[in-house]
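Enquirer: For reference, the chains in residue letters:
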Amino acid sequence: DAGVIQSPRHEVTEMGQEVTLRCKPISGHDYLFWYRQTMMRGLELLIYFNNNVPIDDSGMPEDRFSAKMPNASFSTLKIQPSEPRDSAVYFCASTTNTEAFFGQGTRLTVV
Amino acid sequence: SQKIEQNSEALNIQEGKTATLTCNYTNYSPAYLQWYRQDPGRGPVFLLLIRENEKEKRKERLKVTFDTTLKQSLFHITASQPADSATYLCALPAYSGAGSYQLTFGKGTKLSVIP
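Same order as they appear, the protein sequences are chains P and L. Throughout the first sequence, residue numbering follows our numbering, covering 801 to 911 in sequence. Throughout the second sequence, residue numbering follows our numbering, covering 8 to 122 in sequence.
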């Protein structure tokens with residue numbers, strides 16, 4: 801397996817634009833997590849899914865953030881409208897038990 | 008909610024010495040604790056998991072201890088090498104009990120091994 805695949809690797813966008821981040825989890829993993837990492841706050845859990853169903857989205861900072869998992873092999877995290885404070889590295893991770901497998905991340909810069 | 012603290016943001020040690028990193032947590036009793044390694048520009052990579060009924064676990068040059076009374080884990084790298092330079096993250100399940108798979112991470116300790 802190629803591991804967790806995220807796209808794009810880098811995204812630069814203007815304030816107010818919509819941003820969509822994509823994730824393909826490892827096949828067979830039934831949990832999928834979206835994290836955000838910044839120097840100030842470290843790695844924060846935004847939302848996670850179990851069997852494609854959102855279980856806990858309490859970490860999603862605002863209504864501007866939304867996430868979907870239409871099937872077992874694909875998830876998106878959308879920010880609309882984006883703001884400069886959303887600049888961070890966004891990670892997707894998947895697991896079937898305790899050990900989490902992370903993607904390479906998407907570095908988002910909102911100018 | 009739980010709080011996780013890793014003792015220092017950065018640690019510099021000489022090659023060949025033992026590096027010791029600390030992870031402290033408060034407010035609950037996790038069923039297990041994990042350590043991850045993160046290199047610049049990459050996602051965290053799982054290293055070790057230790058369960059609440061285990062005092063110590065080893066993997067090659069790595070050793071992890073778990074003291075549930077002190078609410079502390081120590082992570083040791085023996086005979087450290089420059090290739091061990093990275094940020095090391097402590098992670099715990101967000102809630103007590105079985106079946107909690109979402110992880111809360113510490114901010115990490117950046118280890119630099121000097122040749």
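I should point out that these hints are in silico values taken from the structure, not numbers from a laboratory. One thing to keep in mind: the hints can contain errors.
To be verified - Derived pair list, reagent style BS3-like, types lysine-lysine, alpha-carbon separation capped at 30 angstroms: (1) P:K868 with L:K114; (2) L:K114 with L:K78; (3) L:K78 with P:K878.
To be verified - Label-pair restraints from in silico Cβ distances: (4) L:T85 with P:H810: 17 to 25 angstroms; (5) L:A86 with P:S887: 22 to 30 angstroms; (6) P:P854 with L:T33: 24 to 32 angstroms.
To be verified - Short derived list, chain L residues pointing at chain P, Cβ under 10 angstroms: (7) N19; (8) I20; (9) Y35; (10) F112; (11) G113.
Every value quoted in this text rests on a predicted model; they were computed, and no experiment measured them. Just so it is clear, CB atoms sit at the ideal spot from N, CA and C, and this is done for glycine as well.
Enquirer: May I ask which of the numbered hints given earlier this structure violates, with the numbers listed in increasing order?
Expert: 3, 4, 5, 7, 8 and 9
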